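Sequences and hints are given; from them, build the entire structure.
Residue numbers (the numbering used here), protein chains in the order written: chain A, 1 to 247; chain B, 1001 to 1356.
What the hints contain is simulated information worked out from the structure, not anything from laboratory work. If you're wondering where the values come from, they're calculated on a predicted model, not measured in any experiment. Where a beta carbon is used, it is the ideal one built from N, C-alpha and C, also for glycine. Keep in mind that the hints are not guaranteed to be accurate.
Below are the EDC-like pairs computed for lysine to aspartate or glutamate, each with C-alpha atoms no more than 20 Å apart in a straight line [said to hold, decoys possible]:
1. B/Lys1290 with B/Glu1232
2. B/Lys1048 with A/Asp84
3. B/Lys1247 with B/Glu1271
4. B/Lys1201 with A/Asp167
5. B/Lys1193 with A/Asp41
6. B/Lys1297 with B/Asp1249
Computed beta-carbon distance windows for the label pairs [unchecked claim]:
7. A/His153 with B/Lys1183: 42 to 52 Å
8. B/Asp1180 with A/Asp41: 43 to 53 Å
9. B/Glu1191 with A/Asp41: 15 to 25 Å
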Amino acid sequence: MIKYERSKGLTDVNTHYCPGCTHGILHKLVAEVLEELNVLDHTVGIASVGCSVFSYEYFNCDFQQAPHGRACALATGVKRVLPDNVVFTYQGDGDLASIGIAETIHAANRGENITVIMANNATYGMTGGQMAPTTLLGQKATTAQDGRNTIQHGNPMHVSEIFATIDRAAYVERVALTDIGNIRKAKKAIKKAFTYQIEKKGFTLIEVVSTCPVNWGMKPREALDWAKEHMIPIYPLGVYKDIEKND
Amino acid sequence: MAKVLMKGNQAIALAAVNAGLDAFFGYPITPQNEVPEYLSKYLNERGKIFVQAESEVAAINMVYGAAGAGARVMTSSSSVGIALKQEGISYIAGAELPALIVSVMRAGPGLGGISPSQADYFQATRGGGNGDYHVVVLAPESIQETVDLIKQGFDIADQYRNPVMVLVDGLIGQMMESVDMDKPVKKRHIEPKTYATTGTKNHEGRNIINSLGLDPYYLEQHNYHLRDKYNEIIKHETQVELINMEKADYVIVAYGTMARISRSAIETLKEKGINVGMIRPITLWPYPKKAFDLIPKDCKGILVTEMSMGQMVDDVMISNKGRHKIAFYGRPGGIVPEPEEIVDAILNYEKWVVEE
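Laid out in structure tokens, this is it:
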């Protein structure tokens, strides 16, 4: 009796993600949503640069791999040409909030009918733990060895709060992968975002508080606890924009 | 169709639409602004896609996405803006997507000025993007030729799945000439875009548009494949116009606006009894190296004329293989030389020699 099956939204390969990394969970949630909404056969994903650069190998749909930060520009190009396809980007916080903030904000402002999945792990994972725009104050990074401080580095960037101010953003929610309850909520949020896209309601963004045990120097379990104790207070979870409710 | 009087930038826009342009993504910059302005009207009227992007960087990446989705796509810009597009152009070449890039050159470096210039020859032919890649560069000298090369450019891009640049200077963009918009171009066999990411319900397996190859052996093979493709382009797509080459006392090498100015100089020199030929590269990459084999042995020298401090002169040196003297006459910074200056450069040839 099969109790658990891999989502049809995932390819049958092993990922390159580090042990304990939450990208695996996030991939699974997105894949399950695409499968449940029955849109896999007309979905186009956009991979970013960073740990999720290889996401085109893991999601079982068409994909384009974008230059660093440019995922939402590619997504704009794809969606304008194929308005009836489902188009999503899968980006990290460095890719989106640092080098790609302009592309993302303007895609939102144009109301591009796409879904953005952003993993926020407060670090640059792929390049080895440099400071990200989302790195917490006091959090050590390979390029902020004494920890991030306001004077030298500025404060952590609040992506969901920023995008909630954009008129044409249809749905913005911050979720976390720190425990079962939050993982369930994350899936619900992702499903809502894709549903809004299918209903052509506009730009949707789900910020996902994630972990990076290797670059944080923690065991996977400790990383989940650290995210819960230190990240969520700075990055409060919840719905930041829902055009169905604010109108 | 009868000829119409039209401004260069408008003709670029209309030629692109006539060539079946599906989508345009661009960002304002002088002296090419009429291209997106007219396209915003033409494409909207036809139910096609026009997006004014937030930057040149975003625009070229929208081109990437739309080309990957199977559309006939274009962007246009000028010098400073093309600099910002270089990253995207490298990706588009690496991922083997077709796209047309129009570059209407202004004077540099830096913010420079908005007057016509040819100082982006290196930018176009060498590129500022990373890696071993080439962009086909088409360099028309008139509005008619610009229109014809825009149409050809889309087809070349599709045939080879490679970015193509149409390189003009601000003079061609801003001037008006009579032009036949319906002049037929060579018919090409273009394969259906089976690589496009249109969703798996539309094709076998998954389509992935990508330029990443962390496995060095895979990436090496990809680069060999690109090299083979570039060799095919060199073999089949090199275009050049040869003028008055037999018994030429001197041979001028010039492209675009400088070729037109040099034509006038050649007429004046003929009246003075000096026979001057011209090699006019129409493709700057691939460069028409073989044309230099046709320079008469007893030719007194080559004069390269450019609206820059000398960039194409490098390709002339490579193509000449030390056979003839090379002189260079050019004016930078947005100054367009008078034909008399070219006449004078031939009359005082030795003064301008850069390679004996």
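Outcome of the hint check:
{"no.": "1", "hint": "B/Lys1290 with B/Glu1232", "result": "15 Å, holds"}
{"no.": "2", "hint": "B/Lys1048 with A/Asp84", "result": "15 Å, holds"}
{"no.": "3", "hint": "B/Lys1247 with B/Glu1271", "result": "16 Å, holds"}
{"no.": "4", "hint": "B/Lys1201 with A/Asp167", "result": "34 Å, violated"}
{"no.": "5", "hint": "B/Lys1193 with A/Asp41", "result": "18 Å, holds"}
{"no.": "6", "hint": "B/Lys1297 with B/Asp1249", "result": "10 Å, holds"}
{"no.": "7", "hint": "A/His153 with B/Lys1183: 42 to 52 Å", "result": "59 Å, violated"}
{"no.": "8", "hint": "B/Asp1180 with A/Asp41: 43 to 53 Å", "result": "46 Å, holds"}
{"no.": "9", "hint": "B/Glu1191 with A/Asp41: 15 to 25 Å", "result": "23 Å, holds"}
When each numbered hint is compared with the structure, violations occur for hints 4, 7.
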